[in-house]
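Peer 1: Residue numbers (the working numbering), protein chains in the order written: chain L, 1 to 298; chain X, 1 to 279.
Hints in this document: simulated from the structure, not taken from any laboratory.
Be aware that one or more of the hints could be misleading.
[What the hints assert, rightly or not] Some chain L residues close to chain X (C-beta under 7 Å, calculated; not the full set):
| # | residue |
| --- | --- |
| 1 | R104 |
| 2 | S174 |
| 3 | F175 |
| 4 | A178 |
| 5 | W180 |
| 6 | V182 |
| 7 | G183 |
| 8 | A184 |
| 9 | Q188 |
| 10 | N197 |
Because the structure is a prediction, the values reported are computed rather than measured.
In this text, a Cβ means the ideal position worked out from N, Cα and C, and glycines have one as well.
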Amino acid sequence: MPAPRFVETPTVRRRLGRERLARMLFGVMVSLMLLPLLIIVSYLIYKGAPLISWEFLTTNPLKGMTQGGIWSALLGTLWLVVVSLAFSAPIGVLAAVYLNEYARDNWFTRIVNLAVLNLAGVPSIVHALFGLGAFVLFFEMGRSILAAAMTLAVMTMPVVITSTREALAAVPMSFREACWNVGATRWQTIRRIVLPNSISGILTGVILEVSRKAGETVPIMFTGAVFYRKIAEGDLFAYSLNDQCMALSMHLYTVTTQVTGAPEGLPFAVATVLVGCILLLNSTAIGFRAWLRSRKKW
Amino acid sequence: MTTTLELPSASSARIPAPQPAGGASSVSVRPKISVEHLRLRYGGKEVLHGISFDIAPNQIFAIIGPAQSGKTSLLRCINRTIEFNPDARLSGEIRVDDEDIQRMRNVYELRRKVGMVAPLPVGLPLTIYENVAFAPRAAGVRRKSELDRLIEKCLRQAALWDEVKDRLDSLGTKLSGGQQQRLTIARALSHQPEILCLDEFSIAIDPVTTMRIEDVLKELQRDMTIILVTNLVQQARRLASQTMFLWNGDIVELGANEVMFSDTPKDRRTYDYVNGIFG
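Chain L extracted, bound-state conformation (with noise of 0.2 Å):
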């Protein structure tokens, strides 16, 4: 029997139309979302490029910050993202997979969840006021790296735990059943089987975290940052944990509206620099997860 031959009815030719309609919507919305995103982009780039070279990154500002380079901000900046790092990620981790594989399911951890969520619309000047209330004037750290990496890393905190519950809960629950029937405890559960297959999406979150955090500017100014600091150009120590340091989101903000006789591009250098910057982390993120990935056993 022959195959019937594609009859084009009205109402196939309608439903058809409604098809090409929805996939126009979804495709323009798309492009639509691209645009600003290319726009501001290029436009970074078109300006500041100019600027851009090795030494513009290894020297530090000099001339009231109308010449030189931006050292001691990149270097700053880099120092905070690492010791906020050092002390979001195990602690948000680490309360992720308490909250994730053992509490149980009752109002105390309903509420902690809540408060999680919570946290991490907080707006960053009650973060800024919080770290310098409780890290410079409390601990009495003073204005510091540590006392700014500090307010950015309970800043990152909530966010890099709901990113880990997610990785954990991207586990099948049929893995963590079948270690318990053979009486398993759940340490060795989660070691054996949970953790080594949510290290990826682990990973991944808290270097998405943090790397978002890195351009953040008013709970550092209030901890940590200061307009200008001269330092060791070339090397990678120049701070230490006490001192104050400068910033690229900081530095940014100063030649924009604090610094007169700067050349034109020079706001754009610093903010592509910035972006730059958040983008090598995003996308070591991206690479590692996607090697992880190849290893994934299921």
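Assemble the complex: chain L is given as a structure, and chain X must be docked to it using the hints.
Peer 2: Using the frame of chain L, we list chain X on its own:
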């Protein structure tokens, strides 16, 4: 509860089923598992309505019944994995070797004593070797030679050894569904349980392999007590010495297979279910 010595010849039939003609009706052995008035509810919904029964050691005990009748929940009560369901509320008593499992302090000991095979195969994301070695390692077995021996034994018992012996280092999750199910059985045997619970073990396995595993089960009942939950009435008939028909959280009938699968079981519903007239 009175206990008397186990007679070698007192094979299958036991309380509460009437003995076949000539059997000594008072003979009873100490039950391996004894369930008293077990009630289980999830939130507001009660799934087991106070059931009581005994399972004698070294036999295959089948549980049949339609979906949602509480078979899997019952198994999960026996190894206390039901506790991972925060809604589950349990009353009544389950005794394993005359010990109340609710009061057991070392629940991991209990779970090692009760091997559990879930209906859907779960290969852990480890190598085949590590899948089977997981439980012994968790229990503290470290010696490589001992592990090797144990793993070969378990994989042989699960009728999987010949297919995987050359690739023990490949991933358990890459095996086919039926192979993964046999891997699950090997894993359940790896902690050398005294009780083996099989929950619909054969739904992912082809008939030939099923027969091979059934033969293994017949062998294994010399060493352990086997609880077989199955939708295949004929499988219960082939393997078990006693069968329990569970329906909507109640025991409709529990008896020796000669009675359960005869033309005259005590309850009409048993006959209908077994013969496929149900409904």
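Peer 1: None of the hints should be skipped; say for each whether it holds.
Peer 2: Going through the hints against the structure:
1. The beta carbon of L:R104 is positioned within 7 Å of a beta carbon in chain X (closest approach about 6 Å), and the interface hint is therefore held.
2. Residue-level restraint check for L:S174 holds (minimum Cβ-Cβ distance to chain X is 5 Å; threshold 7 Å).
3. Taking 7 Å as the C-beta cut-off, the interface hint given for L:F175 holds, the closest approach to chain X being about 6 Å.
4. Look at L:A178: its Cβ gets to within about 4 Å of chain X, closer than 7 Å, so that hint holds up.
5. Checking L:W180 against chain X by beta carbon gives a least distance of about 6 Å; that is within 7 Å, so the hint holds.
6. Restraint check, L:V182 versus chain X: the minimum CB separation of about 4 Å is within 7 Å; hint holds.
7. Interface restraint check for L:G183: the shortest CB-CB distance to chain X comes to about 4 Å, inside 7 Å, so the restraint holds.
8. A hinted interface residue such as L:A184 counts as satisfied when its beta carbon comes closer than 7 Å to some beta carbon of chain X; here the least separation is about 4 Å, so the hint holds.
9. The beta carbon of L:Q188 comes within 5 Å of a beta carbon in chain X, closer than 7 Å, and the hint placing it at the interface holds.
10. Among the interface hints, the one on L:N197 holds; its C-beta lies about 6 Å from the nearest C-beta in chain X, closer than the 7 Å criterion.
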